[in-house]
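K.L.:
With the numbering used here as the guide, the letters of the sequence shown map in order to residues 1 to 178.
The set of hints was computed from the structure by calculation and includes no laboratory data.
Please note that the accuracy of each hint is not assured.
[As the list claims (entries may be wrong)] Label-pair restraints from in silico Cβ distances:
#, residue 1, residue 2, range
1, Pro130, Asn70, 39 to 45 Å
2, Asn26, Asn87, 22 to 28 Å
3, Tyr124, Ile154, 14 to 20 Å
4, Pro143, Glu45, 51 to 57 Å
5, Asn171, Gly38, 19 to 25 Å
6, Leu29, Asp134, 36 to 42 Å
7, Asp142, Ile55, 36 to 42 Å
8, Gly38, Asn87, 18 to 24 Å
9, Glu60, Gly120, 48 to 54 Å
10, Leu29, Asn171, 22 to 28 Å
11, Phe44, Gly120, 36 to 42 Å
12, Lys177, Asp78, 32 to 38 Å
13, Thr119, Leu29, 48 to 54 Å
14, Arg42, Thr119, 29 to 35 Å
Glycine residues also receive a C-beta, built at the ideal position from the N, C-alpha and C atoms.
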Amino acid sequence: MQRLPIFLVCLSCFLPGAVLAQEIINIPLDYNTQRAGGGDYRNFESPSAEECARICAEDERCRAFDYSLNIRRCWLKDSTPAAEPNNNNISGVKPRKAPTRVRRDKGVGMKLEQGVQRTGGGDYMDFESPDAEDCARRCAEDPRCRAFDYSLNIRRCWLKDGSPVPSPNNNNISGVKN
1 MQRLPIFLVC LSCFLPGAVL AQEIINIPLD YNTQRAGGGD YRNFESPSAE
51 ECARICAEDE RCRAFDYSLN IRRCWLKDST PAAEPNNNNI SGVKPRKAPT
101 RVRRDKGVGM KLEQGVQRTG GGDYMDFESP DAEDCARRCA EDPRCRAFDY
151 SLNIRRCWLK DGSPVPSPNN NNISGVKN
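Using the sequences and the hints given, assemble the complete structure.
P.N.:
Following this line, the structure appears as structure tokens:
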């Protein structure tokens with residue numbers, strides 16, 4: 001057991017920019033319920049409701065899920081329909097304030113926070129950007145930039161000359177210079 005931490009430290013030395021982290025988003029299971037009011041965008045076979053919940057938690061689009069015990073099938077939803085009684089089903093809703101995922105991007109020296117938006121001013125430039133890493137790189141290269149916001153929905157980057165207070169936004173990635 002002592003060798004695993006040493007291995008991870010050594011591995012991180014050889015993989016610059018690699019992120020060694022484990023994220024857990026807990027979606028409470030609602031037994032004997034289903035959310036049949038629509039919003040389905042994907043369904044698949046799943047061995048358990050826990051696995052269905054895990055996949056929903058990792059999917060940005062997913063807001064809720066239904067799992068059928070009878071046919072071992074999972075339905076991911078992009079809305080949160082009301083729960084209805086169903087003895088052969090388990091459902092779940094992603095918590096409104098999803099936990100923030102944080103990683104250090106060693107390539108640009110910034111802390112990236114998924115699910116966070118920094119509103120409240122400080123914007124001095126915005127532009128289209130293919131991804132959050134490009135946005136982070138542009139901020140890192142600009143001496144005026146202290147933080148940025150990147151919208152996953154519209155692929156837009158906002159550079160900031162301050163670091164406003166963070167607030168939850170599942171469709172955003174924020175970054176702050178170290």
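K.L.:
So, for every hint listed, does it hold in this structure?
P.N.:
Verification of the supplied hints:
1. Pro130 - Asn70: 39 to 45 Å: holds (43 Å)
2. Asn26 - Asn87: 22 to 28 Å: This hint holds: roughly 24 Å between Cβ atoms.
3. Tyr124 - Ile154: 14 to 20 Å: Given range 14 to 20 Å: holds, Cβ gap about 19 Å.
4. Pro143 - Glu45: 51 to 57 Å: holds (52 Å)
5. Asn171 - Gly38: 19 to 25 Å: holds (20 Å)
6. Leu29 - Asp134: 36 to 42 Å: holds (38 Å)
7. Asp142 - Ile55: 36 to 42 Å: holds (38 Å)
8. Gly38 - Asn87: 18 to 24 Å: holds (21 Å)
9. Glu60 - Gly120: 48 to 54 Å: With Cβ atoms ~24 Å apart, the hint is violated.
10. Leu29 - Asn171: 22 to 28 Å: holds (25 Å)
11. Phe44 - Gly120: 36 to 42 Å: holds (40 Å)
12. Lys177 - Asp78: 32 to 38 Å: For Asp78 against Lys177, whose Cβ atoms are near 34 Å apart, the range 32 to 38 Å holds.
13. Thr119 - Leu29: 48 to 54 Å: Given a distance of about 33 Å, which is not inside 48 to 54 Å, the answer is violated.
14. Arg42 - Thr119: 29 to 35 Å: holds (31 Å)
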